[in-house]
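Chemist: Listed below are the residues making up each chain.
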Amino acid sequence: MKLRLQISFLIALSLLAALLAPFGISSKFQLDVLTLIFFTAYLGQSWNILGGYAGQFSFGGVMFFGTGAYTSSILLNTFGLPPIFGIFAAIFMGALLGLLVGYLSFRSGLRGSYFALITLAFAELLRVLANSVEFTGGGVGLFLTYAPGFYNLQFNSPTGFYYFSLILLVISLVIAMWLERSRFGAQLVAIRENEDAAEALGVDTLKCKIYAIMIMGGMGGAAGTFYAQKYLYIDPPISYSIALSVEMLLVTIVGGMGTVFGPLIGSFVLHAVNEIARHFISTPGLSLIVYGFILIVIISYLPNGLVGLFRKTRKSTEDKDA
Amino acid sequence: MFSVTLSLLPAGIINGLMFGAIYALAALGLTLIYGVLHIINFAHGAMLMLALYSAYFLFKILNIDPYVAILIVTPASYIFGYTIYRWGIGKLSGGRDQNILLITLGLSIILENSALFFFTGDQQTITLPYSYESFDLGFLYLSYPKLISFIASLIICVLLWMLMTLTDLGKAIRAVAKERDGARLVGIDVEHVFAVTFGIGVACLGAAGCMLLPIFYVDPYTGNIFVIIAFTIVVLGGMGSIVGALLGGFIIGVTESVGGLLLGESLGQIGISLIFILILIFKPTGIFGSKV
Amino acid sequence: MLEVKSLTKRFGGLIAVSEVDLDVAKGEIVSLIGPNGAGKTTLFAIIAGFLKPNEGEVILNNTSITNLKPHKICKQGMVRTFQITQPFATLNTLENIMIGAYANTSNKSLAKSNAERVAEIVGMTSLLYQTADGLTVAARKRLELARALATDPQLLLLDEVMAGLNPTEIDEIVDVIKGIRDTGVTIFLIEHVMKAVVNLSDRTYVLNDGKLIAHGTPNSIASDPAVIEAYLGHGAAETMARGHKT
Ligand SMILES: Nc1ncnc2c1ncn2[C@@H]1O[C@H](COP(=O)(O)OP(=O)(O)O)[C@@H](O)[C@H]1O
Ligand SMILES: [Mg+2]
Chain A
1 MKLRLQISFL IALSLLAALL APFGISSKFQ LDVLTLIFFT AYLGQSWNIL
51 GGYAGQFSFG GVMFFGTGAY TSSILLNTFG LPPIFGIFAA IFMGALLGLL
101 VGYLSFRSGL RGSYFALITL AFAELLRVLA NSVEFTGGGV GLFLTYAPGF
151 YNLQFNSPTG FYYFSLILLV ISLVIAMWLE RSRFGAQLVA IRENEDAAEA
201 LGVDTLKCKI YAIMIMGGMG GAAGTFYAQK YLYIDPPISY SIALSVEMLL
251 VTIVGGMGTV FGPLIGSFVL HAVNEIARHF ISTPGLSLIV YGFILIVIIS
301 YLPNGLVGLF RKTRKSTEDK DA
Chain B
1 MFSVTLSLLP AGIINGLMFG AIYALAALGL TLIYGVLHII NFAHGAMLML
51 ALYSAYFLFK ILNIDPYVAI LIVTPASYIF GYTIYRWGIG KLSGGRDQNI
101 LLITLGLSII LENSALFFFT GDQQTITLPY SYESFDLGFL YLSYPKLISF
151 IASLIICVLL WMLMTLTDLG KAIRAVAKER DGARLVGIDV EHVFAVTFGI
201 GVACLGAAGC MLLPIFYVDP YTGNIFVIIA FTIVVLGGMG SIVGALLGGF
251 IIGVTESVGG LLLGESLGQI GISLIFILIL IFKPTGIFGS KV
Chain C
1 MLEVKSLTKR FGGLIAVSEV DLDVAKGEIV SLIGPNGAGK TTLFAIIAGF
51 LKPNEGEVIL NNTSITNLKP HKICKQGMVR TFQITQPFAT LNTLENIMIG
101 AYANTSNKSL AKSNAERVAE IVGMTSLLYQ TADGLTVAAR KRLELARALA
151 TDPQLLLLDE VMAGLNPTEI DEIVDVIKGI RDTGVTIFLI EHVMKAVVNL
201 SDRTYVLNDG KLIAHGTPNS IASDPAVIEA YLGHGAAETM ARGHKT
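Chains as they are written, first to last, in this note's numbering: chain A, 1 to 322; chain B, 1 to 292; chain C, 1 to 246.
Isolated chain A, as found in the complex (with noise of 0.2 Å):
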């Protein structure tokens, strides 16, 4: 019980820090990378809600992103929609296509590695799309105006932007602290460790797998949103990039599937080997190379990711406590 006092005081702390964190870091350098490790984690959270609580990898995670990111783009240059609200409507495609993807896939069984593979096709597939259909620009790819305003989810600084991130982390956490004490969440978790028991338990394994791939698909849809609106340009590649896929489970592996924060700390420490990487060599690629080694040795000698490290400790005080 202390332990989780501690716990929430500790939280509580983080989260001011990181609501003062613009008043104090005056670089907007510094201020840009603490964004974009908050997306990267929020990202990761959405892989990690099929890939670590349900056990369900997926290597196309990126066509949720890529959808919303289009859906929010077409919508405001062909429509005239403010973007406040075409996150909504990039949040509806993504899930609609987990939907889609989830139904097809789980339907027919698909599990372990053919499931991760069918989604890197499936990404493959709207990325090929993507460029050959008019609507989306094609090759051309999407420009969109620039016109800071709340409407638009546009901001003129990097602190605009920074809170748009923390909320869409914060969002991220809150959905995977409901799992963690929900039926929904144990459900999952029964699904990753013995799919037919959870079965025989009476889980509708089929649907919550569906319903955790939908959550997966409007978290990604709301960050296409966040970054067309940040970067102003989308083109296939970029939406639908398989090292995007790659990034989402990377961080989530890194820091801990499963687990509340895995993603964060493993946003956090991936961008901080990019960050030392880069600044020894600036040649591309070497930071890459490093993420490879750790995705390796976390694999094989740490499945439960950095936080498990902690938490081993925790356990046995807590069982300490009992």
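Just so you know, the hints here were simulated from the structure itself, not pulled from any lab data.
For clarity, every value in this text was computed on a predicted model and none was experimentally measured.
Heads up, a few of these hints could be off.
Claimed, not checked - Mimicking SDA-like on lysine to any residue, the simulated pairs with C-alpha atoms at most 25 Å apart in a straight line are:
no.: 1; chain 1: A; residue 1: K207; chain 2: B; residue 2: F282
no.: 2; chain 1: C; residue 1: K72; chain 2: A; residue 2: G109
no.: 3; chain 1: C; residue 1: K112; chain 2: A; residue 2: L5
no.: 4; chain 1: C; residue 1: K52; chain 2: A; residue 2: Y114
no.: 5; chain 1: C; residue 1: K108; chain 2: A; residue 2: R181
no.: 6; chain 1: C; residue 1: K75; chain 2: A; residue 2: R107
no.: 7; chain 1: C; residue 1: K75; chain 2: A; residue 2: E195
no.: 8; chain 1: C; residue 1: K69; chain 2: B; residue 2: F282
no.: 9; chain 1: C; residue 1: K72; chain 2: A; residue 2: L206
no.: 10; chain 1: C; residue 1: K75; chain 2: A; residue 2: I210
no.: 11; chain 1: C; residue 1: K69; chain 2: A; residue 2: E195
no.: 12; chain 1: B; residue 1: K283; chain 2: C; residue 2: K52
no.: 13; chain 1: A; residue 1: K207; chain 2: C; residue 2: L110
no.: 14; chain 1: B; residue 1: K283; chain 2: C; residue 2: N67
no.: 15; chain 1: B; residue 1: K91; chain 2: A; residue 2: N304
no.: 16; chain 1: C; residue 1: K69; chain 2: A; residue 2: L206
no.: 17; chain 1: C; residue 1: K108; chain 2: A; residue 2: M177
no.: 18; chain 1: C; residue 1: K108; chain 2: A; residue 2: E180
no.: 19; chain 1: B; residue 1: K91; chain 2: A; residue 2: V297
no.: 20; chain 1: B; residue 1: K283; chain 2: A; residue 2: D204
no.: 21; chain 1: B; residue 1: K91; chain 2: C; residue 2: A89
no.: 22; chain 1: B; residue 1: K178; chain 2: C; residue 2: R10
no.: 23; chain 1: B; residue 1: K178; chain 2: C; residue 2: F11
no.: 24; chain 1: B; residue 1: K283; chain 2: A; residue 2: I210
no.: 25; chain 1: C; residue 1: K72; chain 2: A; residue 2: L100
no.: 26; chain 1: C; residue 1: K108; chain 2: A; residue 2: R4
no.: 27; chain 1: C; residue 1: K72; chain 2: A; residue 2: T205
Once you've looked at the hints, dock chains B and C with the ligands against the given chain A.
Modeler: What follows is chains B and C with the ligands alone, placed relative to chain A:
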């Protein structure tokens, strides 16, 4: 307009078959590894990319013709594959299949970005003395490199098939594929056979890389293109089926080439992911489902 | 309560279950015995919705459940355990049982108190916070039972929950099962331990090579020549009969 496209169709098909043979060779490596070890090697594309670079540098620096380089790159790839399995992937492979997928994903990230780091992201191509000479088929001039690659790929596929069916090694591999515990009991060194299989699978890529280079290009991301192609062929042919991989290779080669012709370069690529998705959803055992 | 009508299941050429008819009435403990590979687990898997039969029908409380998925069948009040235990390995005992309890409530504290109550019934209270992958075989078997029980079933399908247990543990679990029956749960169980079968069951079915070869009270079954033959091989019954005479 349409009839013009139609008249190009035979050429498109032939072209697709040429590439299809090389795809088949690459996919053969993947399917062999899957059939025996039951693991999915996500680094397959990245390893092909490595083979392409090896052939490229052998040509650029030592002026070795890629078709001759097969004799160097293939055994080197075998050693690379054997080593990386025996002392890498194999050691870590206790867990779930997803873990292997992730470990090989990590490997592919490392390989891809090492290539980016050392060789830059530029696309590299080579020109051989006979690159522009061609063979007149009547309706199509078939460049010598394409023709040589096609024939050589087929020969290697046949050699592999003979290795698997006629030799003692092939028998041991198939025994391990069927009954790994049984094989262990009769004294087969299963870990060695696994590593050998992995080595052979990567050796296929070595050969495929040499044959692909003269008619394609290489950059650090080439692997990404091929990993999906190879997986598609393998699920199409049935995971673990050699004959299936061959047929699948031709089908994918032709689909890609004809798809590009009919739907345009950009939309044409859709065929591959679409086939992959449809097969997995509707017939996950593949169309020609026999095993190694 | 449960009716199985001419159920057949083929795996390729092998007929694992062949035209099986049986029924279980409310409040009974019915057992299913038979040599290894007889098709008992397969039969349970079909009844619980994990496998689709090639022919035949499964009827629970007068409605056909033949093509329902397992979770639906669970909601209708029938739940199975697995012969090869299938724990949620990284979860502790309490969390494992709670998954079962969640079948009836989405409220976490209610699920928790139900799970604790069930843990007490099966005698796992001291193991509540132990992760499942660290449990002994006996404890895992209990956990299977506990999770299933937590779904609050009318009919419990138990697949060899006593295999691998020592005599004391068997006696304990026999008492637990009796206790469960006394709370009004009907039980259909697969068992090898004859002592437990005789002790527990009202009726027994015998399966051999996928076919039902005998049916009756446990004591009548034990002296049925066809059953002895199935267990001990061809001619065994005759030999035994002769042996008795001399
Ligand atoms: N999924 C399956 N595929 C093929 N054969 C199976 C499968 N499951 C069980 N069998 C076979 O069906 C027969 C019955 O098995 P099982 O029901 O487990 O027997 P029991 O539980 O009575 O020991 C066995 O011969 C077994 O090998
Ligand atoms: Mg059995």
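Chemist: Evaluate each hint against the coordinates.
Modeler: Evaluation of the provided hints:
At most 25 Å may separate the alpha-carbon atoms for a hinted pair to count; K207/A and F282/B meet this at roughly 20 Å. The suggested pairing of K72/C with G109/A holds, with an alpha-carbon distance near 17 Å, which does not exceed 25 Å. Note on K112/C and L5/A: the hinted pairing holds, with a Cα-Cα distance of about 21 Å set against a maximum of 25 Å. Between K52/C and Y114/A, the direct Cα distance comes to roughly 23 Å. Compliance with the 25 Å bound is thereby established for this hinted pair.
The hinted pair formed by K108/C and R181/A meets the criterion: a straight-line CA distance of about 7 Å does not exceed 25 Å. Only pairs whose Cα atoms come within 25 Å are accepted, and K75/C paired with R107/A is accepted, the gap being roughly 20 Å. Distance hint between K75/C and E195/A is fulfilled; the C-alpha atoms sit about 17 Å from each other, no more than 25 Å. Proposed proximity of K69/C and F282/B is supported: the alpha carbons are some 20 Å apart, at most 25 Å.
At most 25 Å may separate the alpha-carbon atoms for a hinted pair to count; K72/C and L206/A meet this at roughly 12 Å. Of the pairs offered as hints, the one joining K75/C and I210/A holds, with about 20 Å between alpha carbons and a cut-off of 25 Å not exceeded. For the given pair, K69/C sits about 13 Å from E195/A by alpha-carbon distance, which is consistent with the 25 Å threshold. Taken as a hint, the K283/B and K52/C pair is honoured in the structure, with Cα atoms around 18 Å apart against an allowance of 25 Å.
Among the hinted pairs, K207/A with L110/C is consistent with the structure: their alpha-carbon atoms are about 23 Å apart, no more than 25 Å. A threshold of 25 Å between alpha carbons decides the hint, and for K283/B with N67/C the separation of about 21 Å falls inside it, so the pair holds. The hinted pair formed by K91/B and N304/A meets the criterion: a straight-line CA distance of about 19 Å does not exceed 25 Å. Taking the CA atoms of K69/C and L206/A, the gap is near 10 Å; set against the 25 Å cutoff, the hint holds.
The straight-line distance between the Cα atoms of K108/C and M177/A is roughly 14 Å, inside the 25 Å bound, and the hint therefore holds. For the hint linking K108/C to E180/A, the alpha-carbon distance of about 11 Å falls within 25 Å, and the restraint holds. Note on K91/B and V297/A: the hinted pairing holds, with a Cα-Cα distance of about 12 Å set against a maximum of 25 Å. Pair hint K283/B plus D204/A holds up; C-alpha atoms about 24 Å apart against a cutoff of 25 Å.
Between K91/B and A89/C, the direct Cα distance comes to roughly 23 Å. Compliance with the 25 Å bound is thereby established for this hinted pair. For the hint pairing K178/B with R10/C, the CA-to-CA distance comes to about 22 Å; that is within 25 Å, so the pair holds. Simply put, K178/B and F11/C have alpha-carbon atoms about 19 Å apart, close enough for the 25 Å limit, and the pair holds. Restraint check: the Cα-Cα separation between K283/B and I210/A comes to about 21 Å, which is no more than 25 Å; the hinted pair holds.
A distance of roughly 23 Å separates the Cα atoms of K72/C and L100/A; the hinted pair therefore holds under the 25 Å criterion. The suggested pairing of K108/C with R4/A holds, with an alpha-carbon distance near 18 Å, which does not exceed 25 Å. As the CA atoms of K72/C and T205/A are separated by approximately 11 Å, the hinted pair is consistent with the 25 Å bound.
When each numbered hint is compared with the structure, no violation occurs for any of them.
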